[in-house]
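Next come the chains, spelled out residue by residue.
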Amino acid sequence: MTCVGADPPAAPSIVIVGLGNRDRGDDGVGPAVADRLAGTLPPHVRVIRMNGDALALIDTWADTEAAIVVDAAVSGAKPGHVLRIDAVADELPTHLALSSTHSFGLVDAIALARVLDRLPPALVIYAIEAATFDAGTPITDAVSRAVPMVVERIKGDLRALWQIQTEGVTHA
Amino acid sequence: MTARTIKVDLLARVEGEGALDLHVRNGKVTRAHLRIFEPPRLFEAMLRGRGFTEAPDITARICGICPVAYQMSSVHAMEDACGVRIDGPIRLLRRLLYCGEWIESHTLHVAMLHAPDFLGYPDAIQMARDHGDLVRRALALKKIGNGIMRLLGGREIHPVNVRVGGFYRVPRKAELLTLLEDLKQGRDNAVTLLRWVATFDFPDLEQDYEFVSLRHGSEYPLNEGRIISSRDVDIAAADFDTEFEERHVAHSTALHAVLKRRGAYLVGPMARLALNFDCLSPDLRGLAREVGLDLVCRNPFRSIMVRALEVVWACEEAMRLIEAYDMPDRPFEPMTPRPGVGFGCTEAPRGMLWHRYEIDAEGSIVDARIVPPTSQNQPSIEGDLRATAEKSLHLPDDGLRHLCEQTIRNYDPCISCSCHFLNLTVHRA
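Just so you know, the protein sequences line up as chains A and B, in that order. Quick note on the working numbering: the first sequence kicks off at 1 and runs consecutively. Quick note on the working numbering: the second sequence kicks off at 173 and runs consecutively.
The hints are simulated quantities; they were obtained by calculation from the structure and are not laboratory data. Given the structure is predicted, the values throughout are model-derived calculations rather than measurements. Don't take each hint at face value.
Chain B residues, not near chain A, derived (Cβ > 12 Å throughout) [what the hints assert, rightly or not]: (1) Arg233; (2) Asp295; (3) Asp305; (4) Trp368; (5) Arg492; (6) Gln578.
Calculated pairs, SDA-like style, for lysine to any residue (alpha carbon to alpha carbon, straight line, at most 20 Å) [as the list claims (entries may be wrong)]: (7) B/Lys315 - A/Leu119; (8) B/Lys315 - A/Lys155; (9) B/Lys315 - A/Pro148.
Listed next, with one range per pair, are the computed distances between beta-carbon atoms [what the hints assert, rightly or not]: (10) A/Gln163 - B/Arg322: 28 to 36 Å; (11) A/Pro93 - B/His195: 34 to 42 Å; (12) B/Arg470 - A/Pro148: 26 to 34 Å; (13) B/Asp413 - A/Glu91: 49 to 57 Å.
Cβ coordinates follow ideal geometry from the N, Cα and C atoms, glycine included.
Chain A on its own, in the form it takes in the complex:
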């Protein structure tokens, strides 16, 4: 493994979560973004792919300085539309349904964490508008096209907000 340009030990602990089920069409967009980021960031930035249980997010971002979560969404916007939300400063838009076939989705996990005072100091959500959640189907073209753009925006966040170098870092 080579790791070039890692920040000093005091660097903030950050977690990036791609949330979703790869077997359910555009629900796989969160993990697809995480795939692109994995191995390209300094070690103190963890990249995780999660399927299903959004409640586990509360533990995932415990003891981190910041979390960035990428999830598929249904809001009525055009497929592939990207919405960036500062979930600490703002309530999530009520028209936004972040996808979950389970009882607790991302919106619930954030609301519960807020009540229990378990939100990380910074929490950014990238909600990517989905076209289909059909079982066994691939991510649609419109949603696929959003993936590299969200990857770049996340890298931009890391550079701008936490001065994290996002170029020239590779892991085997």
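Fit chain B to the supplied structure of chain A, relying on the hints for placement.
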């Protein structure tokens, strides 16, 4: 005569989708149907032609909440078909993995999905504003369940480390010991959770269930035992079809399982406890007595207490298993297929889960049958709904709707497994 209709578009806090039709005429409930409209999953058909070693990974996909149950019933069935019995550390690890699933699944349902019903909150988030400490304890407990699943299963959702004959990789004892401290804390949190839910006001309903569960004899039932009932059933898993049958009903995509001789029966925590109380440790029996669970519990609303008691049990059992563990020389027993039929029956968090497979000489699956707990409980759920609604027709529609939803949540129903679940329509005439 007036007619009233109540409609709920989607029942919250259950796993899967479906609807309830309640018809009331002249003060009597004339129909209480769960209409299941989750599309049929067709897993049984999908399994045909696949290799016998693929069953645990394919069936684990039936449910994101109880994948271990599917893996356990399928590996036991395949080993039965191959004529091999697995014992020792592999059996122990299977029980430990199952404890993780029980802790995770039961805690989620008790604290996050069901408790708000009893305290008058619309959901766990609102409840957490007033009961934050309990919700934090529940999240900590759930994390322990996840931790066991991750260590033994490879990941929390749809574990990938289970195989016919054992595991792909078994942990070192030192790895398991890292779970002990959390489990001790978890046991305390589970006791607190049990004492808390024991203070709830429970609607008054006593049902004359025929309880059905596994019985091992010396262990609280989990991954093996005979199928027994509170009346006269006492059979091996292989003889399931002599006492039970599955029937198609028009209003559900899930089959209804019934006792051939008597109809509806009940599987799950209340049945397990009623038929296996003597298998609890003296401490746990004392705890059960303290909260009033020493007498047979026939009030389905009190099932939340039984689940909480089973979380305490699962924490204690997990600690006992970890202390008893010695790493085996190899992680699995090799298995040679032979033509034949195998049966597996284990206790999923929601109740008994029965699998039957026929395989050929090459190990290809010729036929598969899966009877999940929610299919078995569906006639009892409808019976409870009928009884609850009939006693509560004086309530306004909103109150009646809530009570019916709560009645269904008593079962922690897994609609995705059984292909079912819930809109509510009440027709009053």
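Quiz item: Looking at the structure, which of the earlier hints fail to hold?
Solution: 1, 2, 3, 8, 9, 12
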